[in-house]
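The task is simple: from the sequences and hints, build the whole structure.
First to last, the protein sequences are chains A and B. Here the first sequence is numbered in the numbering used here, starting from 1 and rising by one per residue. Here the second sequence is numbered in the numbering used here, starting from 1 and rising by one per residue.
To be clear, the hints were calculated from the coordinates, so they are not data collected in a lab. All clues given are correct.
Just so you know, same-sequence chains aren't split out, so a pair can sit in one copy or run between any two.
Calculated pairs, BS3-like style, for lysine-lysine (alpha carbon to alpha carbon, straight line, at most 25 Å): (1) 133 / 163; (2) 222 / 212; (3) 209 / 222; (4) 6 / 163; (5) 163 / 212; (6) 202 / 222; (7) 202 / 212; (8) 209 / 163.
Protein chains: 2
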Amino acid sequence: MLSSLKIVLVETSHPGNIGGVARAMKNMQVSQLRLVNPKVFPSAEATARASGADDVLAHAQNYPTLQEAIADCQLVIGASARSRTVSWPEISPRQAAQTCLEQPAQTPIALVFGRENSGLKNHELDLCHYLLKIPCNPDYSSLNLAAAVQVVCYELFVTAHEKQQNAALKEQSPLATAQQMESFYQHLQQTMADIGFLQPEKTQSLMRKLRKIYNRTLLDSKELDLLRGILRFAQNHNQK
Amino acid sequence: MLSSLKIVLVETSHPGNIGGVARAMKNMQVSQLRLVNPKVFPSAEATARASGADDVLAHAQNYPTLQEAIADCQLVIGASARSRTVSWPEISPRQAAQTCLEQPAQTPIALVFGRENSGLKNHELDLCHYLLKIPCNPDYSSLNLAAAVQVVCYELFVTAHEKQQNAALKEQSPLATAQQMESFYQHLQQTMADIGFLQPEKTQSLMRKLRKIYNRTLLDSKELDLLRGILRFAQNHNQK
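So this is what it looks like as structure tokens:
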């Protein structure tokens, strides 16, 4: 699931950090590393810090510009510790993992990390669909580059495994579709009208409260059938 | 919320890693560092890698043994990449964060990280209540020490903030108690009997399915009142 992900490092100053990133990636089964104009690479320091993830370093690709490094990617997410005056849509590592793993399999995705001292420039963020911010201490918000990659890749790994487990669980009874849920809400509203619960002026706020409950429950189709069965009996109750 | 947490490093070989740990901690508002018999400390390399988290290093405390380093702690969690022949109760970073933050405020808690090459010894894990395993590539499972501390502190930070937000949200409408839920399930079962939906031989499996739905919804008291209002109208429907 993580094989189409590319970690892109822009103008990294310290080769040790490139090695640390390679190790963090391999720990989480992410393998494609792209380097934009690194200060020193290859380097013995990078290999030392990679500590067994030298295969990731060996396959790393070099690019002169970020634009070229992400040319083939369909989703581009740029990491940033700083708040920006221009506002990009901001997501957390957990949201980014969800977003990446919602894409069709094999979609090429780039996660871009900027310079150690100054991050990504605004014209580089212009190439990104989302700005990724790692939640952290507002008074000390700059993570080490390899540590930032570690957190993001960890979230990707954990989310990918959760998705796999959920997929196995959901194979037998898939989640209800939005259309099925709409039919359920209409049925629920009609039933409440039939049993005399509904006051017309309060219908909208009441339905909103009920949607809030049942939307977050993530009902599967069988569960939805069960609830609709109960509604049918409640509707027909007085006809006996 | 994270102020009573202590990060304990056992016999760290590379002073750079101690600095990296200090930075990772401060990024996530964790400040208490305890060192058990470090090979080199203090050290210029540690300070360089701490990169502005030198206050964490300056307040770090040295201990000759792990036993002394955790003497005042009420909850002790030991990190391990390896699987062990003897089995300790194993938790993930996310579960560890939940466990830590469920303790009463100010409970002294230790998160213990072992040597770079060999981790914690079994007699050290004997001092721990839980063994923490970071989900990762089974073929390359040893994270850099600072990267491991980063992941764990990140989960603690994110969980602490989620808890704060949930607490604020839940202040106005607290979650229903187990007793309220039991009354609801009894009411639901009675209503289904009243409207003729219930087949006696299937009551148990049906109620189990409905409990599965409503238990995971985490209803608050107001939502529960709403659902019970609907049940009352369904019950009285035929009496009109």
